[in-house]
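From these two lone chains plus the hints, build me the complex, please.
Taken in sequence, the protein lines are chains A and B.
Quick note: the first sequence, position 24, residue 23 per numbering that gives the first Met the number 0, numbers continuous.
Quick note: the second sequence, position 297, residue 296 per numbering that gives the first Met the number 0, numbers continuous.
There's no promise every hint is true.
Said to hold, decoys possible - Listed next, the in silico DSBU-like pairs over lysine-lysine satisfying Cα-Cα at most 35 Å (straight line): (1) B/K211 to A/K200; (2) A/K367 to A/K163; (3) A/K263 to A/K414; (4) A/K263 to B/K163; (5) A/K263 to B/K222; (6) A/K388 to A/K87; (7) B/K190 to A/K332; (8) A/K423 to B/K193; (9) B/K211 to A/K291; (10) A/K75 to A/K345; (11) A/K341 to A/K75; (12) B/K71 to A/K423.
What the hints assert, rightly or not - Derived coverage of chain A by chain B (criterion: at least 3 residues anywhere in the stretch with Cβ under 8 Å from a Cβ of chain B; other residues may be distant): (13) 234-247; (14) 250-258.
Source of the hints: derived by calculation from the structure; they are not laboratory data.
Backbone N, C-alpha and C define an ideal beta-carbon position, used for all residues, glycine too.
Below are the chains, spelled out letter by letter.
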Amino acid sequence: MTKEYFSIKLGVAALALGMIAASGCGDKPADPGTTTTTTTGTTATNTDKPAGDAPAGERKAPPVDGPKVADGEDIKISAIGSLTGDQKPWGTDSLDGANMALEDFNKQGGIPGHKIVILPGDSASKPEQAQTAAEKAIADGAIAIVGEVASGHTIQIAKSAFPKGIPVVAVGATKTTLTNEGTNVFRVCYTDDVQGPVMAKFAYDKLGLRKMAMMTDNKQPYSQGLSASFAAAFKKFGGEIVDEQKYESGNTQFSGQITQLAAKQPDGMFLSGYFTEVGPIAQAARQAGLSKVKFLGGDGWDSPSLLTSGGDAIIGSYFCNHYNNADDRPQVKTFEEEYKAKHDGKLPGTTMAALGYDAMMLTLQRLKAAKSLSSKDLIASLEDTTDYKGITGDITLKGMNGNPPKRAIVVEVAKPDAQGQWQKFATAYTPDQVK
Amino acid sequence: MHLPSVLVAGLDFSTLPQQVVNGILLGAIYALIALGYTMVYGVLKLINFAHGEVFMLGAYTALFVSWGLGYKPTDNPTGSSPFNLLLMLLASMLVCAVIGVLIERFAYRPMRSQARIASLITAIGMSLFLQYGGQLVLPNSPPQNIAGKINPYQGNIAIPLRGKNADLVAQAAKAKPAFDQAQAAFQEDLKHEKSEFDLTPQGQALSDAAHKAERTYNDLQNKADASGLQVNLPQGQMIMLVTTLVLMGLLTYLVMYTKRGRAMRAVSHDFDSAALMGVNVNSIVTFTFILGSSLAGAGAMMNATFLTGTKIDTFFGMLPGVKAFVAAVLGGIGNIPGAVLGGLLMGVAETLVVWAGYSSYRDAIAFVILIVVLLFRPGGLMGSSKVEKV
Chain A
0 MTKEYFSIKL
10 GVAALALGMI
20 AASGCGDKPA
30 DPGTTTTTTT
40 GTTATNTDKP
50 AGDAPAGERK
60 APPVDGPKVA
70 DGEDIKISAI
80 GSLTGDQKPW
90 GTDSLDGANM
100 ALEDFNKQGG
110 IPGHKIVILP
120 GDSASKPEQA
130 QTAAEKAIAD
140 GAIAIVGEVA
150 SGHTIQIAKS
160 AFPKGIPVVA
170 VGATKTTLTN
180 EGTNVFRVCY
190 TDDVQGPVMA
200 KFAYDKLGLR
210 KMAMMTDNKQ
220 PYSQGLSASF
230 AAAFKKFGGE
240 IVDEQKYESG
250 NTQFSGQITQ
260 LAAKQPDGMF
270 LSGYFTEVGP
280 IAQAARQAGL
290 SKVKFLGGDG
300 WDSPSLLTSG
310 GDAIIGSYFC
320 NHYNNADDRP
330 QVKTFEEEYK
340 AKHDGKLPGT
350 TMAALGYDAM
360 MLTLQRLKAA
370 KSLSSKDLIA
380 SLEDTTDYKG
390 ITGDITLKGM
400 NGNPPKRAIV
410 VEVAKPDAQG
420 QWQKFATAYT
430 PDQVK
Chain B
0 MHLPSVLVAG
10 LDFSTLPQQV
20 VNGILLGAIY
30 ALIALGYTMV
40 YGVLKLINFA
50 HGEVFMLGAY
60 TALFVSWGLG
70 YKPTDNPTGS
80 SPFNLLLMLL
90 ASMLVCAVIG
100 VLIERFAYRP
110 MRSQARIASL
120 ITAIGMSLFL
130 QYGGQLVLPN
140 SPPQNIAGKI
150 NPYQGNIAIP
160 LRGKNADLVA
170 QAAKAKPAFD
180 QAQAAFQEDL
190 KHEKSEFDLT
200 PQGQALSDAA
210 HKAERTYNDL
220 QNKADASGLQ
230 VNLPQGQMIM
240 LVTTLVLMGL
250 LTYLVMYTKR
260 GRAMRAVSHD
270 FDSAALMGVN
280 VNSIVTFTFI
290 LGSSLAGAGA
300 MMNATFLTGT
310 KIDTFFGMLP
320 GVKAFVAAVL
330 GGIGNIPGAV
340 LGGLLMGVAE
350 TLVVWAGYSS
360 YRDAIAFVIL
370 IVVLLFRPGG
380 LMGSSKVEKV
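Chain B extracted, bound-state conformation (with noise of 0.2 Å):
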């Protein structure tokens, strides 16, 4: 049996501290998605397929205000500020919001009286209707994307865990001229030649040498980059990963501490109860998917802009939306900061999985942990699993 000593010799300790930090940054998405989930499921104990392709809408509608900002990828903007993007996120909120309330109110709403099973069905079909529908009205062939010169908080904040052998680099720095003094004749040289790649032979030589040099300031450097150790903290991820913290606070307080939140949870406790005690059932249940929604806009937005490049088609909420839900029923469904706890779990799982080279399972990982929670504690993380008595 060689599987362990293949399992350890993959692993790469000096590169674990980024991956975890990876990580988090990642779980910050599913987690602030989990939230909207939990959220639905806790009120009106229905599992809202429907919600990736919310989150998929408010990637849309991010996209479209930063067209209308002059960010169109004909354009050529210069710079940009935090109020687009805020501007940006307020839209991605408000339309998420609203189709929150309109999928309710047309597609759950006559189905509350019936089995659960029916709205459960209801909840796919309005998830393919989207996902579908969306491909008639939406920009989807080819793929669109948020220029990522929209997002003012480019580049990293990097945290050094230990410094760099001082000979090594030293040592890379004394082959840097050797590499500038050889890529300079080669320069010198091209301005003779027909182009970079169609060279006289005195030209590869030249060029052969400029490479070979580069070649070795390249080696010392890296290996004087080896030496050290950083975490590098991508600004604009860092920047998602607080809101989700904040916005998971604000939601902790709103339904633990005010008063609708507290027709919130006697809705979720029981409904026909609720509403005999003066509750508007009605009215709670659009509260909730408004709340639900708009995290899910918010979250579309933070991605499609942070994470520059990211593709936005109308499968753009699929995966996501499965992983958040895996998120969801790993921290207990129904519980808010357990949500964001199986967010990250989630998130540093993923990268953990790459960590260990096997990036192919990188997506697999999740259903994995649903097996095994469902399997080993049903009631998630932070969820009750007390046994009701009927």
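The following block holds chain A by itself, in its conformation from the complex (with noise of 0.2 Å):
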């Protein structure tokens, strides 16, 4: 072997440390934002399943009550979301919404005799970082935790709460299957059995779109599933999905992928992955010669920076989200006037201000309401939510193992106005309409 053999073989291994190093350290986080695996249907060229948990089961109790609030002591309640990493604006506005919540309940009157202290935890959107938070919070004294946006993250503060008794109030995960770890798991969002039906059949209905094509993020979870919700959703409503690729969140080229796509001739392209790699997609397909060519997706285009990276190209695309800026529905205007005062007259960039603000108002209320000021007694107060006014829409937990059945709206990407608004309310379907 001479030297310079032996130093390229060095530098391969050292190459492999380097890369798990990388990996380890967590440079993407596994699974930001809300994650999904659906288990309904397959897609045509899709040979992987659906990455795995246990279909929907008997939801457990927890094995011990919670802590409860002794007389004239703090009510302390965790708000986790990440506020370091990738992920920084979801988790920001979540607990922004948060804080607006317990402002909003103090002057309503809040809880006699004690005061509430809101424990804020940083995720650092990483799960791992995510289950630290939630231990830490369970530690300090919380009766409940409110968060995450990222169902992945999510699991994990479930799963440390769970042995405690103590209620998990999630904002923005959407995975399906999130809310089985227990029936002290609740959201308040919608699931992703949801949002690949509506996008489907809106294509299907009011695009009139009859052949379309998939790109998948093969490093997302989320994606995968989420693809598999709106091929299966497509194809019973009598679409054709002609073609399905695959690319990796952190890829920048897409030719490749598009030229394959294009040959398959569709009308339309649903792009289950985040905002991120969606906008170059979008520009790589326009610049390949796709000039009439919809593209659609899901709530992980929610980020204003899907218009830089997107540009032109995105504009006039329509995407799955909770609510809208625009929605006139009362609790919708109240809650923008309050934002724009505390945020120099800006609306919030993303949903997950409005969700989280939902999630935090809820807690307390049903706290208010709840027989005594404990895990448990909050847990059953949850349980029996019906019809609670949000922000984001009503929300009833009742009998619905944590996931509330709310309606899906679909926005328009549009040029922003004045106001920075970029969404603009196309339709809106409640779950029974896409079943």
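Pasting the structure below:
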């Protein structure tokens, strides 16, 4: 062996080491955003099995009763979000919303005899950090945890909270099987079993599309699950999935996939990944000559940076979201006024502020309505929620296994107006409409 | 065994020419980064793992310059000029050169007298330091991108390989009036509707009719398009390819035919003897880092600008860095034309994997190639594999 070969091999070994180190340190969150695993259907070309949780079964009750708040003691509620890392915009928005909810709740009288304290936790866009944050919150005496936005993070929180009997109210985690973790887990958003079919129905009925191609992010279970649920629904409605191409988060070049996909001549493309790659994909598709193809996607698009990464190509595309700033429901209007007063007249950039508000407000109100100030009675009280008028819609949790049947809205990506608003309301669907 | 039939059935030869072109254009970026790896390895026998991070910092430099030129996400500029691009390119190259020199001076030079593994570990450390340290100071979440408007070279150069079938084109043209009519009828109706997606039954019928006419028209037009064959060359990426080839030529000239190049080769051959012959080893190493890093800067600027919407975060250089490293090994590490050849081959290999219908394995092919090269031709395609006598 010559010196030269040796050092190359050394280099390769070191390269492997470096990559392990990098991935170990979590260069990408394993699971950013609202992660999905649906069990509905597989796609034409998809040989991947939906990554797996057990099918929805009996939700188990936590083995122990959680903590109680003694007379005169502070009520501690933890709010966990990604305050650093890739998902920082979602984390800060959701905590902002939670703090606003507490302020409002106190204005409405609060809980007499007790001060309510929010314990903020940082999940740093990483599942393992979410777990640490949850355990710290529990050790610090939190009687409930509000969070997280990403499903992968929320699962870790739920696993930590279950053995301690602490209720978890998820903000934006849409993974369908999430609430199977236990009867202590609730959420205030819809699930991925809703948003895939919603976009399929919209594409088929409203846009008149029949031949869809999909681009799936192979690194994100959210994207894989959403693509699968979209494909199953679209085929059920009578459409055809002409192609599915894969990419990975962090890719910047998509010309190869786009060329293959363009040869199948689709009417529309379903981009189930995150905004970071969706924008460049849309631009690459336009550049490759797919000038008329419509782009559609899920709530992973919800970030204003989609506009800069997608440029003109993404304008006029549609995606599924939780609520819209232009909604004329009174709750939305009040929330917006308040938000603007606190943020120099700006409206929230993502929907996570409103969902964070809803999650915290629901928790506080149900705590007030609970038989006693304890985790156990809070769980029972949350389970009893009927027709809570949230900003993002009406929430009913009674007999729903923690998944509120909420309407999902479809928004159009438009050029931002003077207010910076770029999501134009198109239409809304209730879960029953897309069954 | 049904694999062969599956393999053949998935292939669509009409897209092959375009995919080869895509691959070559993609390879141009790998080639530019690989040139830097190869230069440093050639002289120092050090694999500079921080090279991908220099590339990342080059992209950030281009981003900041573009902001300075008035292309912030909040701005609304009109048009651009090649001058802007040139400014970004020069700034990226300059900043990267400085960073490369600093890395060499403070991270590698103190390690030079130690065992080679020490430098290698330092290089990995440097790479992680820049990735994670960069997160503290650079706009990282959400990832940023350079506004597409700064690139005046938009659009494609279309090269027709086979004309479209005239009959089909005529048929498509014939279907157009029906589509226009249905569309106009719906647009007329839309004036009385609440919104495009909240229609009266009559409006819904018109909308459905318009969509149906559109599908008929699109189908015919698609058929007409499919009867022809053309290759699209994106203008920006063509510039990238040409720049890569020009830089390769310049570098080869510099290394092979100038005095400084001879000194570089001498240092590469034997550090100590070169020093004894009066070559200033430190200045040659610094010069090598300036060259290699400024090439990475050029590659980063062009990657971030011409591939519109590319997201820039502190891990921007990781995957391209790894692939360029493979490209350098493939071409024969230490060999300048080899690095370019390796880069182009890597790009083509990647798009051919996608072409064959295995887009999930696009990034894996780099490592398959690396393993195959190391097993069968460890010196690389253009590298020497002489056995050294000790």
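Evaluation of the provided hints:
Distance hint between B/K211 and A/K200 is fulfilled; the C-alpha atoms sit about 16 Å from each other, no more than 35 Å. At most 35 Å may separate the alpha-carbon atoms for a hinted pair to count; A/K367 and A/K163 meet this at roughly 21 Å. Pair hint A/K263 plus A/K414 holds up; C-alpha atoms about 30 Å apart against a cutoff of 35 Å. Under the criterion of a C-alpha separation no larger than 35 Å, the hint pairing A/K263 with B/K163 is consistent with the structure, at around 17 Å.
With a C-alpha separation of about 11 Å, the suggested pair A/K263 and B/K222 falls inside the 35 Å cut-off, and the hint holds. The suggested pairing of A/K388 with A/K87 holds, with an alpha-carbon distance near 28 Å, which does not exceed 35 Å. The suggested pairing of B/K190 with A/K332 holds, with an alpha-carbon distance near 28 Å, which does not exceed 35 Å. About 14 Å separates the Cα atoms of A/K423 and B/K193, which keeps this hinted pair within 35 Å; it holds.
Distance check on the hinted pair: B/K211 and A/K291 sit about 15 Å apart at the alpha-carbon level, within 35 Å; holds. Of the supplied pair hints, the one linking A/K75 and A/K345 holds, its CA atoms being roughly 30 Å apart against a limit of 35 Å. As the CA atoms of A/K341 and A/K75 are separated by approximately 24 Å, the hinted pair is consistent with the 35 Å bound. Taken as a hint, the B/K71 and A/K423 pair is honoured in the structure, with Cα atoms around 23 Å apart against an allowance of 35 Å.
By the rule of at least three residues with a Cβ nearer than 8 Å to a Cβ of chain B, the coverage given for the region 234-247 of chain A holds, with 4 such residues. Counting residues of the region 250-258 of chain A whose C-beta lies closer than 8 Å to any C-beta of chain B gives 7; at least three are required, and the coverage claim holds.
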